[in-house]
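Hey, can you work out the whole structure from these sequences and the hints?
There are 4 protein chains.
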Amino acid sequence: MSSIKEIVYTARVEFGDCDPAGIVWFPNFFRWIDAASRHFFAECGVPRWEETAQTLGVIGTPLVDTHTRFVKAASYGDTLQIAVRITEWRDKSFVQTYRVTRGEDLILECEEVRIFGAKREGGGIRAVPIPPDIRALCA
Amino acid sequence: MSSIKEIVYTARVEFGDCDPAGIVWFPNFFRWIDAASRHFFAECGVPRWEETAQTLGVIGTPLVDTHTRFVKAASYGDTLQIAVRITEWRDKSFVQTYRVTRGEDLILECEEVRIFGAKREGGGIRAVPIPPDIRALCA
Amino acid sequence: MSSIKEIVYTARVEFGDCDPAGIVWFPNFFRWIDAASRHFFAECGVPRWEETAQTLGVIGTPLVDTHTRFVKAASYGDTLQIAVRITEWRDKSFVQTYRVTRGEDLILECEEVRIFGAKREGGGIRAVPIPPDIRALCA
Amino acid sequence: MSSIKEIVYTARVEFGDCDPAGIVWFPNFFRWIDAASRHFFAECGVPRWEETAQTLGVIGTPLVDTHTRFVKAASYGDTLQIAVRITEWRDKSFVQTYRVTRGEDLILECEEVRIFGAKREGGGIRAVPIPPDIRALCA
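First to last, the sequence lines map onto chains A, B, C and D. Each residue of the first sequence is one higher than the one before, starting from -4 at the first, in our numbering. Each residue of the second sequence is one higher than the one before, starting from -4 at the first, in our numbering. Each residue of the third sequence is one higher than the one before, starting from -4 at the first, in our numbering. Each residue of the fourth sequence is one higher than the one before, starting from -4 at the first, in our numbering.
These are computed hints drawn from the structure, not numbers from a lab. Heads up, none of these hints are tricks.
Calculated lysine-lysine pairs in the DSS-like style (CA-CA distance at most 30 Å, straight line): (1) B/Lys67 to A/Lys114; (2) D/Lys67 to B/Lys114; (3) B/Lys67 to D/Lys114; (4) B/Lys114 to B/Lys87; (5) A/Lys114 to C/Lys67; (6) B/Lys114 to A/Lys67.
Next up, the structure:
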């Protein structure tokens, strides 16, 4: 029997995160989701990307695909809980999912595909095979 | 025979749009996509949301769903072309798509579902039926 | 003998807050400073601006002047403390100051002039006299 | 007789740049100011910071001090002109000024002190003497 690790990241919605309609301007949700993604790795004991750039050549986890479903609006003063999991490990990518809630309310659900990225000769980023050490830390 | 209206929005990538890996931090792509969405309506002759709030009760086009596939990284100094279309009109929502390129390079593709939003009594946002006047302008 | 109220706001620096040089991209400091400004009023018991717009005509506290001195860089993983005070009340404006630290390190100091803003007929914002109720809450 | 070089950067204000009061949320002005700062150097022929990091050790122009006076509000749909100059060269810093206008309207004025920054051993950033080649390009 196994369970999937889940880490919760908390975000406060501020006045400046909202648009003239008075609700969160949606790119800000992706700001928090990206912070929650790295928070997941940090909580699992994965070092800063500056350090993994030296040791593994990994400069971060660039996004390849996101599918996000927005259910309820949020506004300033709200506190959001973002529950993060890695639900699938592939050869050179992984699936990371997010469930954003405000108390009992579901705000959004997001499913991403990310890679571990390395600098490509001549510019740009390439995917490297999932580093076993990082995967072990996140299990 | 008919054709779908396509409007192109141009964005410059700035230094501050990039992260410590030197590439665009992905929430900024959604910043430009949202700007391109409204630019589409503006180019079609749809008034500012402040005005439609008075005339139609429509305060904007909140996002319900986004599916985005990131193909190539971009960095500061790049100029991005964002080609926008509305590919489907439903009763209370519509599908808006984006193709982001840098010259010949495909950077990302995005498909969204949005609604025309009105203030709900007691807070929050609700979808209204597609306003015929807006649809006519965008055809 | 009197003392000035000081409220501390905490901000985490995230990966996406940093630029290709690996340090906080400075507009993000102003994002946190603005959040700390409203947090000050919220902690003093001042209602949301939506509510004061109804009761007092006050839609927020627009910035009139900022003088900010940056002392040390910060990077992702850092936790910042932002100590906020109102150091002067004028007829139609007030001075709000911020001291941002990371443990013992001073990161920046900021002194602002803000107003209580109301919608102006025909568009734009105008300053209103300091509302006595708000000033009393903040003393 | 001499004249100071002035470069103009143009920014469009988008819906998402505005806050619930319907006006530009002020940290976004600093986003545009920072873009205008680098645009000045780019127009003068200074290479990307990635390249100067290799040739001169210069990773960018971190901000040391800003004094900004906000005169009029702006909102989405506005086009802003940002006129940039370098008004003073010191040993290890320089003064860069910005005048932001919308047609005839003055929106804000900003005066900054910046340095040419290099990575410091053990982390952080230090100021280097003004590189003569860069100064010559900007004269």
